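Protein chains: 2
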Amino acid sequence: AVLPAGGCGERMGVPTPKQFCLILERPLISYTLQALERVCWIKDIVVAVTGENMEVMKSIIQKYQHKRISLVEAGVTRHRSIFNGLKALAEDQLNSKLSKPEVVIIHDAVRPFVEEDVLLKVVTAAKEHGCSDYDLEFGTECLQLTVKYCCTKAKLVEGSPDLWKVTYKRDLYATESIIKERISQEICVVMDTKEDNKHVGHLLEEVLKSELNHVKVTSEALCHAGRHLQQIILDQCYNFVCVNVMTSDFQETQKLLSMLEESNRSILYPVVVVSVHFLDFKLVPPSQKMENLMQIREFAKEVKERNILLYGLLIPYPQDDQKLQESLRQGAIIIASLIKERNSGLIGQLLIA
Amino acid sequence: AVLPAGGCGERMGVPTPKQFCLILERPLISYTLQALERVCWIKDIVVAVTGENMEVMKSIIQKYQHKRISLVEAGVTRHRSIFNGLKALAEDQLNSKLSKPEVVIIHDAVRPFVEEDVLLKVVTAAKEHGCSDYDLEFGTECLQLTVKYCCTKAKLVEGSPDLWKVTYKRDLYATESIIKERISQEICVVMDTKEDNKHVGHLLEEVLKSELNHVKVTSEALCHAGRHLQQIILDQCYNFVCVNVMTSDFQETQKLLSMLEESNRSILYPVVVVSVHFLDFKLVPPSQKMENLMQIREFAKEVKERNILLYGLLIPYPQDDQKLQESLRQGAIIIASLIKERNSGLIGQLLIA
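If you read the protein sequences in the order shown, they are chains A and B.
Using my numbering, you'd call the opening residue of the first sequence number 107 and step up by one each time.
Using my numbering, you'd call the opening residue of the second sequence number 107 and step up by one each time.
Please note that a few of the clues may not be correct.
Where chains are identical, the list cannot tell them apart; a pair therefore holds if satisfied intra-copy or between any two copies.
Using 30 Å as the maximum straight-line C-alpha spacing, the simulated DSSO-like pairs for lysine-lysine come out as follows [stated by the list, open to error]:
1) K193 x K206
2) K300 x K206
3) K361 x K315
4) K388 x K233
5) K233 x K395
6) K388 x K203
7) K429 x K407
8) K388 x K410
9) K395 x K429
The hints are simulated quantities; they were obtained by calculation from the structure and are not laboratory data.
Computed from a prediction, not measured in an experiment: that's the story for all the values here.
Next up, chain A with everything else stripped away, as it sits in the complex:
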């Protein structure tokens, strides 16, 4: 794949070229690279960037651990950038780590939502039809360049609505909201055991399920060596509700945090962890418990460095069943808010349901 990324983003009305604008603190182009990387049959991704952005691009590749990426210098026009990318792929240099491809995908750096099925359609069509006159009529300059300079076949195929291009500032807003929505589709409730059905964690899980209709809510035990939990972390869950009921206030949360830190999952997206604490306000005045729980501020500062957003949530635990349901419901609303917004300004706060 070739990604021309030498543009300066004039229409955005922002000083940063749009491919480098931050979405959840990560540059837009990194999302596009991630989308292409997920496709295992794309062998090489050649990104064309201007000389002045070469170092920025290198640090992005390093920070977000992108693989199979090569960089070439962008030209003064989009044409030239694509040409440079294609040349890098086509040249059979001895020192080049790139191999001559069968099919080349030319993709925009600012279309982060490209899906594998669209890419597959494109590649299949390219293999089947080669590059006919018909295609040329609907194609843009990219297609003509490919035909002219690269000893390989190529075709331009119309995309799906998801392929839209980030052009204006409003598109950045939309991108951020879409990404936030995508990573908020699953919540994992983590507790000390999975067996006990009457466990308060399971009660919370049930309320979360009924309050958040469109979200998949699962639960996991911490104590079973965390094997399964590790899988969930790898399965792209970015939201954890950790139920603390052991003697030490943060035992469960601390275990979960170390697992998350080890998994490296939070490199790509900020992971939300809500540390939940139950308290019978009639037995213990909340102020006393709260003073212990203030420690969460320090934990939160620490894990923020690893892109983990930690919040505390104190849920009153009244004996009355109906009141308990109501406080669990309040807790669920707060959890939903925290996950939806991923607000880094509020980390370390102790909220009360």
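Once you have looked at the hints, place chain B on chain A.
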């Protein structure tokens, strides 16, 4: 002006027609009506809605106190809806409260960001040129309809980028972010007095100014009969930081809340009020103060009914100047987060800087 609003929003991928989709809990069409209403020379606004949405539309007009609106039934096509709207304007019925207009603006119900200057250009052009053949070439069906059925002149003028149409779900996300940004441009710090320069409210104001570069931060005194403050409320400020230093914990906040409730300002947008409380943690343990401040939960529930989002913020007040600056800076970050997100799930929480 005529607003065809009979569409069903197929492309949105949501069940609600897009003109009725909620942005900050208010239907999109209400934002568009607000944009047209602000223009004093638009005499009548005729909205064409389907029979089944007639009651919904009536309740929107009532709830958000829209003026100069008439409703007509939408046709099966956009053509027909515009025709019905124009007919209502053109007919010189005895009972009609509408007057025959000199110029008709046909606007989309789902283009909420129309500005007066664009409308003025449109109307001026219409008056100057009438409806020439040249216009027709670039016009759409609306123009032809106007020419054919309405005894008045009309012209279609190309709009600015702000005029974009809400079409896809991502456009709803963008609209919400743009509106949130627009109403977060100004913060008013409210305190008991304006004269005392060493007042902690002024210190907070200074830190807010230096931390939030793009935001206009002003301050107002509560005690001067609130005349000036009333003007600020009317001048479309939707963000208030209320500094409580009097003996009673919430005296200032309660005064401000009553003023806001009287002003009716929060009808159109959710107003954020951050109730700020200072505390020397060395003298008083936070837990003790916090128990008093828990009352904020009740206040918050109450004013939420009036679309006011109330949050509490406890700022440590150390004697050390440098530490004080740091805790004010933390407070400013939290205030900025609350204003930016306008998260109704977190109202009534007591946050700690």
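Going through the hints against the structure:
1. K193 x K206: The answer is within: 10 Å in one copy meets 30 Å, while 66 Å across copies does not.
2. K300 x K206: neither (52 Å within a copy, 72 Å between copies)
3. K361 x K315: Within. Shortest intra-copy distance 24 Å satisfies the 30 Å Cα cut-off; inter-copy 40 Å does not.
4. K388 x K233: Neither. Shortest intra-copy (72 Å) and inter-copy (74 Å) distances fail the 30 Å Cα cut-off.
5. K233 x K395: neither (66 Å within a copy, 72 Å between copies)
6. K388 x K203: Classified as neither: same-chain Cα gap 68 Å, cross-chain 63 Å, threshold 30 Å.
7. K429 x K407: Classified as between: cross-chain Cα gap 17 Å, same-chain 34 Å, threshold 30 Å.
8. K388 x K410: This pair counts as between: shortest inter-copy Cα distance 28 Å, intra-copy 34 Å.
9. K395 x K429: Cα proximity of K395 and K429: in one copy and across copies (20 Å, 26 Å).
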